[in-house]
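For chain A, the structure is supplied; the task is to place chain B on it using the hints.
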Amino acid sequence: MSVASYFDDLSYGPAPEADGDVRAWLKRHEPGFGLFIGGKFVAPSSGEFHTAHEPATGKDLARIAMATKVDVDAAVAAARKAQGPWSRLSGHARARHLYALARMIQRHARLFAVLESLDNGKPIRETRDIDVPLAARHFYHHAGWAQLQEREFPDHQPVGVVGQIIPWNFPFLMLAWKVAPALALGNTVVLKPAEFTSLTALLFAELAAEAGLPAGVLNVVTGSGSVAGTAIVEHEGIDKIAFTGSTEVGRLIRERTAGSGKSLTLELGGKSPFIVFDDADLDGAVEGVVDAIWFNQGQVCCAGSRLLIQEGVAPRFLAKLKRRMGTLVTGHPLDKCIDLGAIVDESQRRRIDALVQKGVAEGGELYQADIALPTGGCFYKPTLISGVHPASTVAQEEIFGPVAVSMTFRTPDEAIQLANNTRYGLAASIWSETIGLALEVAAKVQAGVVWVNATNLFDAAVGFGGYRESGYGREGGKEGAYEYLKPKAWAARKPRGARPALPEARVASGGFDLPGIDRTAKLFIGGKQARPDGNYSQTVLGPKGQVLGEVGVGSRKDIRNAVAAARGAEGWSRATAHNRAQVLYYIAENLSARTAEFAARIAAMTGTTAAKATAEVDASIARLFTYGAWADKYEGVVHTPPLRGVALAMHEPVGTVGIVCPDEAPLLAFISLVAPAIALGNRVVVVPSERHPLAATDFYSVLETSDVPAGVVNIVTGSPAELTKTLAEHNDLDSLWVFGPKELSALAERLSVANLKRTLTDNGLATDWFNPAEAEGPILLRHAVNVKNIWIPYGE
Amino acid sequence: MPADSSVPTSGPTSETSSNHERRNVPGPLELEVIEGLRVNLSAVERRAASLPGRRTVKKDAQAAWLLKAVTEIDLTTLSGDDTPERVKRICAKARQPVRQDILDALGMGDRRITTGAVCVYGTMVPHAVAALEGSGIPVAAVSTGFPAGLVPHDLKLKEIERSIAEGASEIDIVITREHVLTGNWQALYNEMRDYRQACGEAHVKAILATGDLKTLRNVARASMVCMMAGADFIKTSTGKEGVNATLPVTLVMVRMIRDYQEMTGIKVGYKPAGGISLAKDVLNYQILMKEELGRRWLEPDLFRVGASSLLADIERQLEHHVTGAYSAFNRHPLG
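Quick note, the sequences are listed as chains A and B, same order.
Residue 19 is where the first sequence starts when you use my numbering, and the numbers rise one by one after that.
Residue -17 is where the second sequence starts when you use my numbering, and the numbers rise one by one after that.
Don't read these hints as lab results, they were simulated from the structure.
Glycine included, each C-beta is placed from N, C-alpha and C at the ideal position.
Heads up, none of these hints are tricks.
Below, a sample of chain B positions facing chain A; criterion: calculated Cβ distance under 7 Å:
id	residue
1	L88
2	T197
3	E273
Cross-link-like lysine-lysine pairs, in silico, DSS-like; alpha carbons within 27 Å at most:
id	chain 1	residue 1	chain 2	residue 2
4	B	K196	B	K262
5	B	K40	A	K399
6	B	K272	A	K340
7	B	K272	A	K399
8	A	K87	A	K58
With the Cβ distance kept under 10 Å, some of the chain B side facing chain A (calculated, not the full set):
id	residue
9	V21
10	L23
11	A25
12	R36
13	K40
14	A43
15	A46
16	M90
17	V234
18	R237
One chain only, chain A, in its complex shape (with noise of 0.2 Å):
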């Protein structure tokens, strides 16, 4: 076109960004890239490679090795060897490292984002504005945690050697996130890349070689997920998994890992809500909508991608959206004219199709812009799907794609009960200039990251990750640090010890005198006591085999009452923290009155003597004290974000939480993990002491006189095995805390993959309860909330 041509018709023309050096350096290793262990480029033990493709072209790209087994072994031993020295370096050395990290992405800035944008098929403006910067802010946010790891983590260790296991929609970003943390704070890692996009990180290794980091602190395995992902799942010198991914693999992963004593955080997949109420900036919000699922393509697992609009106002937003979208480009990801770049691979591309389809068959209405897309290469139209209904599929089904589903409500009550109703909670998007109105919403909705009048920012600072089956864990900011370290005073414990016979029962025959009233310890469910659903029960015997009671067998259905009975009480979660508090040592206070009867109910059950009992009483009741201490004190932090504004990192309760209570000190050990729970607002299941439940069924007229709610606390007696294996599979008990048998945490954990509850579990450890510093405050507090950052940008 020449210059009078362009002047008539105003078309903007070619804006290609220039990619030779990132073809000479894929050229360089046009051979096949190796795999990176131990500092160096080492070639796959298989000798397999695949082919990388360039979504927008189709072309070949790279060779990518293929690692086996034999592969992801050599590279932990790397992990392993290095991770000793470098946990051993100060945080200054470690925060020097991790500075020069940082200035080494922003020296090849643009190298980064071009290989990014060829490899993922994303369009340049990202990788170039968003991608590529936030990496470094990462690095350098966290080469700050490692300069105040002494100081602010005094307690804390690394975790050790974490197994890393990223996506393809962000591929050099996810690498940031989980790579920055885990070596500022110590640990050494094994990162596999996504299959289709793993060039970023080969860049990254190649380069941060060159930076000075030291061999075997960053090993780079590329290959499948089935066999280098399963590899480093299973992989038993490991010691932590972090992946980013589905909701299907991330339940595939919890599985596998039940039971190995790895920790886990998973960063899933969303069905995020993006609200539009009457009294938005209604252009500002259709901007959000680009910003939300017209970002990487909708390739975005906290993509606002149901579209909740305020019924009054829907007919003209979607109109001004419709319009938008016909100004949305798609085109070659290295055009610097384009919104959207290319759909990963045909495979997605076809699945995102499926869907959309399945969407008009249930009776959504289709819109497409009716806009040109480039040929040869694999892309989809924006796409959005009006008037759809909670039950439709695409409402409920993360698409990941450039499609967005809308649908109405009435009043903030619906809005709210409608952005809940999924089983995702990882972002929402809150639209109203009613300040008032936009924080309620936001701290009813269940997500991990909520934005007010905003959408997809991200930081350093600010911690990522989800509610409910959006996974567990948290990336950036504090809250995230934690993730990559474990207490010091856990790391000493030592395996239980083998649990004593049960003594025979000696059953004394009754004399003539006056006998006793029998007390027969029912369930403590809603507040009452009920009795067993199976009306069962079984002997409580002391050391020696005397009968010292009987307590109800809970069953399946028990579990079932005592977890409604909590969702019930849902009150508790709102009611203030100094309430709570009060609460707490009012409890204190009527377990103190009846400290005696405690005690003697503790030396019968254990055969302790009475003076050890008693200092479990006195223990228990400080410890009560403590949370009530804490009730209103274990808050969130503001966030300071590159932003005008604030982010508010709440402390939220989890919600509905499940407790299997070890043996050993039933009294102590019972009050050390029930009071931490409700102390922030969380209504519990308990499950006691199997052999000791005496001083748990005692305890129900303490409750009862404390001014504790109904539902608040339910405690179920019975076999652990069994109630922990109905708590586990539970689809409304929101986490679950196991203390006792290795196998009762494996079991745990293992089923609680259907609703990916987050799970705390000793893995068969011993506790010594009376440790403060093992069993008492934010060690446990961390696991009884839910961190939920708030995004508000300020300005009028």
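Using the frame of chain A, we list chain B on its own:
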């Protein structure tokens, strides 16, 4: 498209411009619309910040867009030391804003490239009209007590009438900021409607002085009231406020233009003014117009840029495009 066929000139006798767009006329003041306007500053800023990363023009397309920008410039001199000779000089520049050899090299030698208008104070109107005679380039006069607007209302109307009588075909008025800052939308509406009537066939651009209005919500409301009262153009600034045209303010104003078109079917023009002095800046404004309002709003009857030094930078960029070597200011005739 030759500039003279797309610029509203003095003379049309109907309510249509030469592009046959329906001209804006005063309609009802719809207060519920005004009160219902919502603007979120951060959201506006994010859109404005990301747009230059989403669209760009390079090479021949860039040269063409910059030439187009030349035709959109209201070449302006608004200084206390303006003299008739100074005004004649910029009028000469308006007639031949780009060196003919550069136009020839661009393959645009046969097009009549002039600026969109020349913009002067009222007393300079006769000099400008004389200097531009036969060129088809309209003379725009700032009026109504420019820049502060704090002179009696009847005198403002007289000022408009005088400028038109002396040959100005476009009138850039300033609104009374007080009406916006106190939320007196009826007063703003009345004032604007009076200006519109006083202008008659001359097109009226309403300067909102957005730097004085401070908030984007004020900008949105003032924009909408002025359009309801019949403004042909809404314009950001006098060039004399602390902050002049910005992309966020532009985004808000053009969204109001879009809403107004949805409500009435009428296309209102937009003019950012003040602070746009670089070629790359004006490209961002053009891109924003095209993305938010469409191609039609890149024609000078719907888009003008108030600028004094912008042209010199465009000339340098165009010469660079032609020769491949970076240019210098002294290689282009002064305006």
